[in-house]
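K.L.:
Each chain, written out:
There are 2 protein chains.
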Amino acid sequence: MKLKIESEVLKFKKLVRLDSGKRINSCEIAFKTYGNLNKNKTNAILVCHALSGDQYCAGMNPHTNKKGWWNVLIGPGKVIDTNIFFVICSNVLGGCMGSTGPSSLKPKTKTRYGLQFPVITISDMVRLQEKLITYLGIKKLFAVIGGSMGGMQVLEWAAKFNNKINAAIPIATSYRHSAQNIAFHEIGRQAIMADPFWNRGNYYKKKIPKGGLSVARMIAHITYLSETALQRKFGRNLQNSDFFSFDFDTDFQIESYLKHQGSSFVERFDANSYLYITKAMDYFDLSANKGGLAKVFKNTNVKFCFFTFTSDWLFPTSETKTIIKSLNSSNSMVSFVEVKTDKGHDAFLLDEPEFHATLKGFIEGQITQQKI
Amino acid sequence: MKLKIESEVLKFKKLVRLDSGKRINSCEIAFKTYGNLNKNKTNAILVCHALSGDQYCAGMNPHTNKKGWWNVLIGPGKVIDTNIFFVICSNVLGGCMGSTGPSSLKPKTKTRYGLQFPVITISDMVRLQEKLITYLGIKKLFAVIGGSMGGMQVLEWAAKFNNKINAAIPIATSYRHSAQNIAFHEIGRQAIMADPFWNRGNYYKKKIPKGGLSVARMIAHITYLSETALQRKFGRNLQNSDFFSFDFDTDFQIESYLKHQGSSFVERFDANSYLYITKAMDYFDLSANKGGLAKVFKNTNVKFCFFTFTSDWLFPTSETKTIIKSLNSSNSMVSFVEVKTDKGHDAFLLDEPEFHATLKGFIEGQITQQKI
Numbered sequence: 030m031k032l033k034i035e036s037e038v039l040k041f042k043k044l045v046r047l048d049s050g051k052r053i054n055s056c057e058i059a060f061k062t063y064g065n066l067n068k069n070k071t072n073a074i075l076v077c078h079a080l081s082g083d084q085y086c087a088g089m090n091p092h093t094n095k096k097g098w099w100n101v102l103i104g105p106g107k108v109i110d111t112n113i114f115f116v117i118c119s120n121v122l123g124g125c126m127g128s129t130g131p132s133s134l135k136p137k138t139k140t141r142y143g144l145q146f147p148v149i150t151i152s153d154m155v156r157l158q159e160k161l162i163t164y165l166g167i168k169k170l171f172a173v174i175g176g177s178m179g180g181m182q183v184l185e186w187a188a189k190f191n192n193k194i195n196a197a198i199p200i201a202t203s204y205r206h207s208a209q210n211i212a213f214h215e216i217g218r219q220a221i222m223a224d225p226f227w228n229r230g231n232y233y234k235k236k237i238p239k240g241g242l243s244v245a246r247m248i249a250h251i252t253y254l255s256e257t258a259l260q261r262k263f264g265r266n267l268q269n270s271d272f273f274s275f276d277f278d279t280d281f282q283i284e285s286y287l288k289h290q291g292s293s294f295v296e297r298f299d300a301n302s303y304l305y306i307t308k309a310m311d312y313f314d315l316s317a318n319k320g321g322l323a324k325v326f327k328n329t330n331v332k333f334c335f336f337t338f339t340s341d342w343l344f345p346t347s348e349t350k351t352i353i354k355s356l357n358s359s360n361s362m363v364s365f366v367e368v369k370t371d372k373g374h375d376a377f378l379l380d381e382p383e384f385h386a387t388l389k390g391f392i393e394g395q396i397t398q399q400k401i
Numbered sequence: 030m031k032l033k034i035e036s037e038v039l040k041f042k043k044l045v046r047l048d049s050g051k052r053i054n055s056c057e058i059a060f061k062t063y064g065n066l067n068k069n070k071t072n073a074i075l076v077c078h079a080l081s082g083d084q085y086c087a088g089m090n091p092h093t094n095k096k097g098w099w100n101v102l103i104g105p106g107k108v109i110d111t112n113i114f115f116v117i118c119s120n121v122l123g124g125c126m127g128s129t130g131p132s133s134l135k136p137k138t139k140t141r142y143g144l145q146f147p148v149i150t151i152s153d154m155v156r157l158q159e160k161l162i163t164y165l166g167i168k169k170l171f172a173v174i175g176g177s178m179g180g181m182q183v184l185e186w187a188a189k190f191n192n193k194i195n196a197a198i199p200i201a202t203s204y205r206h207s208a209q210n211i212a213f214h215e216i217g218r219q220a221i222m223a224d225p226f227w228n229r230g231n232y233y234k235k236k237i238p239k240g241g242l243s244v245a246r247m248i249a250h251i252t253y254l255s256e257t258a259l260q261r262k263f264g265r266n267l268q269n270s271d272f273f274s275f276d277f278d279t280d281f282q283i284e285s286y287l288k289h290q291g292s293s294f295v296e297r298f299d300a301n302s303y304l305y306i307t308k309a310m311d312y313f314d315l316s317a318n319k320g321g322l323a324k325v326f327k328n329t330n331v332k333f334c335f336f337t338f339t340s341d342w343l344f345p346t347s348e349t350k351t352i353i354k355s356l357n358s359s360n361s362m363v364s365f366v367e368v369k370t371d372k373g374h375d376a377f378l379l380d381e382p383e384f385h386a387t388l389k390g391f392i393e394g395q396i397t398q399q400k401i
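If you read the protein sequences in the order shown, they are chains A and R.
Letter by letter, the first sequence follows residues 30 to 401 in the working numbering.
Letter by letter, the second sequence follows residues 30 to 401 in the working numbering.
The following block holds chain A by itself, in its conformation from the complex (with noise of 0.2 Å):
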């Protein structure tokens, strides 16, 4: 017998305990799953969604109605084909697409509870994503896939629940997040906090802070790209005509481009949950437990396959040589590919042939192995 399951909801029935030390009460993850179950449950893929992502990651997306974000390699006949494996997609803790996060209503009072909601961390997510794949019956995941914060989700499966996962695929990301990186992420957050309209998190009733997030947006797509490519997709093309309008309005093309990405994101994403998101991020740092890198994956049996990408200044290839290196040294079975692009840190959602061809040889090879 197959469990078929679509859209659903895993409510916790009992207080979720976090690493702040709060807990929250009717805990709630949304989830999206893909393809069948098998009879053995030997096929489940979990994939992990980055910063601005959701549950949706193959097919639709039913609020936006454009393709999942990784439509691209997951669906029927694709890398990840869902002829063959059962793919489950959870939206984080903290975010806004269906999982308890600051815009939900508080059990109790029925406000929502803005900057009330506690602060997370991606250890906090990952708990409940197992929670989430223990109440669909799976004692093994065939892997755990995941790009940029998804990635982050992989390593801490990896480190925290190595007996519950075949393989680990992270993916343009690092065991700990870089001072840089805090840094524009804290840019961001203060972009956030410095709208009036924010209203310390109470704006759910009202104006949201659309100028600030929408900052915080652009601030964050130009770290998704490369120089090169920025140079080559706009270069300095005008916008509307070849002189210069000598005023503030939109002159060059990138800056239009970088517009539109603040304010499209805006109709889709909560403030908030963009700070407490972010937030999860600057805390992650694997290395920081008792004992380093070394110990966290010490006598692991997980197959790893790192993936990262040359012109990714966001999540360096020398970040995930660190990882490699440690698990190396403790014997363990890591596959590791450096994809040349100059597409930048977004080229994991991209069509990259190389990186799509030796994932596929990745999970074949894993298939063949696992027996499935």
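Among the clues, some could well be false.
Each pair may be met inside one copy or between any two copies, as identical chains are not told apart.
[Unchecked claim] Calculated lysine-lysine pairs in the DSS-like style (CA-CA distance at most 25 Å, straight line):
1) 236 - 139
2) 288 - 239
3) 51 - 135
4) 169 - 235
5) 319 - 262
6) 262 - 350
7) 234 - 169
8) 327 - 95
9) 234 - 137
10) 135 - 96
11) 234 - 262
12) 107 - 51
Everything labelled a hint here was simulated from the structure, so no lab data went into it.
Following the hints, complete the assembly by docking chain R onto the known chain A.
P.N.:
For chain R alone, kept in the frame of chain A given last:
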């Protein structure tokens, strides 16, 4: 007889015509000089300041009670020796330290320009500097020197007034602003303009847009530093304790540092000036002139000495190499040093021994050649 001038203001009696086609009435340029002009008026060095700089390049800045922004380089016995040279530095047109800009009073109405101030260009700035030099009785400058936007002015001088300068020393700069740099500037401007206190530039008698300007400064500040320097200086060090705060105050030292950069900047800089000066930088592109760079510098007699810094990702060495290639192909006199440092773009303001030693050598060579 030696001409001795200190802090002064040059007032233009005629209308000043701008690249935009607009004109400014009663325009003023504030400047500061150091050292004495020699009899033959051959020992004058024009120092051009960067985006947030001013005319106080050496000694003490009377407004901030801090040392001048290039005091490490300029002064008695220093690399730019004010016992030998007559150093001139003027606040750029559009600035907020005495030169006419958006915070200045309109001559007729005695109200502040705000957004009624015309959009300016690097070329506009340099044309007024040239008039200042003429006013000071100088026919030919010993050298023009500047970093970042100051370097753009140096290149503009070499392009437009090559007979009026002996040497040009462009540092950590480019012949045109890149797509990524325009993007960072535009986000800074968006942050300012998203601040309701900005009020379409009309805030001088009210609350100023501190939040927006502070965020703009923080964004820019990251681009002035290298990832390596940030990691070395701050890493993931916490500000106040060994534990995360689990709130949205300051956790990391890098956050505290950036906030300080933002909040101290708003005390000394005008938000509208920030809009105008960044726009001028974005518009800068010497290669857009008819015939490109090759034509711009054809048959120049200017002696060039370029400096770049290995970890400067705002104005990477590759951009300077493009202009050097063009100069070399026209048989120009070009020196070029790429200084190895992890201090990023900001290195041009710091005590970088290799930079200072090479610059000293170049200047001494020119002293011999020019017989001053």
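K.L.:
Flag every earlier hint the structure violates by its number, smallest first.
P.N.:
4, 7, 8, 10, 11, 12
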